[in-house]
Structures are given as C-alpha cells and as structure tokens.
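J.: Please model the complete structure; the sequences and the hints are all you need to start from.
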Amino acid sequence: MKTCLVVDDSSVVRKIARRILEGLEFQVTEAEDGSKALEICQKQLPDAVLLDWNMPVMDGFEFMGHMRRLPGGDQPKVVFCTTENNVAHIAQALSGGANEYIMKPFDKDIIADKFAEVGLIPVGQAMV
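Per my numbering, the very first residue in the sequence shown carries number 128; after that it's consecutive.
Nothing false has been slipped in among the hints.
Only pairs whose alpha carbons sit at most 27 Å apart, straight line, appear in this in silico BS3-like list of lysine-lysine: (1) K204 <-> K170; (2) K163 <-> K129; (3) K204 <-> K142; (4) K129 <-> K235; (5) K204 <-> K231; (6) K235 <-> K163; (7) K170 <-> K129; (8) K129 <-> K204.
For each label pair, taking beta carbons as the anchor points, the in silico distance ranges come out as: (9) Q154 <-> N213: 30 to 36 Å; (10) M128 <-> P183: 29 to 35 Å; (11) M128 <-> E166: 20 to 26 Å; (12) Q169 <-> P249: 26 to 32 Å; (13) D236 <-> H193: 27 to 33 Å; (14) Q154 <-> E244: 16 to 22 Å; (15) K231 <-> E152: 22 to 28 Å; (16) N181 <-> D240: 22 to 28 Å; (17) P198 <-> K231: 30 to 36 Å; (18) P183 <-> G223: 18 to 24 Å; (19) V139 <-> E189: 19 to 25 Å; (20) A218 <-> S162: 23 to 29 Å; (21) E152 <-> N213: 29 to 35 Å.
Think of the hints as simulated: they come from the structure by calculation, not from any bench. As the structure is a computational prediction, the values presented were derived from the model and not from experiment. Where a beta carbon is used, it is the ideal one built from N, C-alpha and C, also for glycine.
T.: Okay, here's the thing in structure tokens:
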C-alpha cells in the first residue's frame, strides 16, 4: 500500500484529505506543520506528500527543501495544496521540488487527477 503524508495546519483539511486518500488506497499520516512533517520523514519517507504552503513553525516550502535533502528525499511525489494562486508561487513551488500544484478547495477528482499525473495512481483509478 502506498503512503501519503498530509501536511496542513487545518485539522479539517487533513480530515478531508485523509478520507479522499484512503479512498484511493493510501495509508495516510498527518502533520500539522513542516517541522512535525520533517520528523516523520526522517523516520520513513512516504510515497507522496500533500503539502500546504502557509503553516506556523515551518512552512511547506521550507519543509520541502529540508525533505529533498534527506537520503532518498528526491523520491516522494510532492503535491502542493494551497490557497496561493499567483504564478510566482506556483513557479517557486515547482522549481523548489514540487511535482504538482492544486488549489484549495479541492475534491476527490482533483486529487485523483493530480496523483495520476505524477504517477502515484493508475490513470484509470482517477476516473472511478
């Protein structure tokens, strides 16, 4: 079973993401900020990270930089999930190591499509 780390300071967003990702057959771990997420990744890297940008303690962009420098840290697929929608933020996320970018609010179809695009789930599974 593939693993996904959901990193968001909103418990509601984490709960919704968990429900969607478990429906896509992911084992889900949650963290409320980048610092806690980094601790999780130092123990075991997930297959995917659904990552918020604006969080206390350590934001998503800073977390991603630290994670990408861990041994094997280039492997997890990172999908930024944020309200930041200007082109500069998107470009910064993608040049900083993100694989994809989605906007809040999101739904099952949006997550499934992006996860299929980066090879985390079969394309046909995104259409179910």
